[in-house]
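Visitor: Sequence:
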Amino acid sequence: MVDFYRELANPQTKSNKAQALQTAQVNLLNEDRTRHPFYWVPFVLVGNWQ
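For the sequence shown, the numbering used here begins at 1 and goes up steadily by one.
There are no misleading hints in this set.
Cβ-Cβ distance ranges computed for the label pairs, FRET-style:
(1) 11 / 32: 29 to 35 Å
(2) 35 / 11: 27 to 33 Å
(3) 41 / 11: 27 to 33 Å
(4) 16 / 41: 19 to 25 Å
List time: in silico SDA-like cross-link candidates among lysine to any residue, alpha-carbon distance up to 20 Å:
(5) 17 / 5
(6) 17 / 27
(7) 14 / 48
(8) 14 / 25
(9) 17 / 4
(10) 14 / 3
Keep in mind that the hints were calculated from the coordinates and are not lab data.
For clarity, every value in this text was computed on a predicted model and none was experimentally measured.
We put the CB at the ideal spot given by N, CA and C, even for glycine.
With the hints as extra help, turn the sequences into a complete structure.
Guide: Shown next, in the form of structure tokens:
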């Protein structure tokens, strides 16, 4: 999930972990080859994700 870490590290977006994960998952949904849930469902936040 390169997009997750890219979004999290981007100082312009100031995304928290939940927002970064959502952005990364939406990016995967927008790609034809990664649209299937197999590619984006396994990634979840556990613990103190705020």
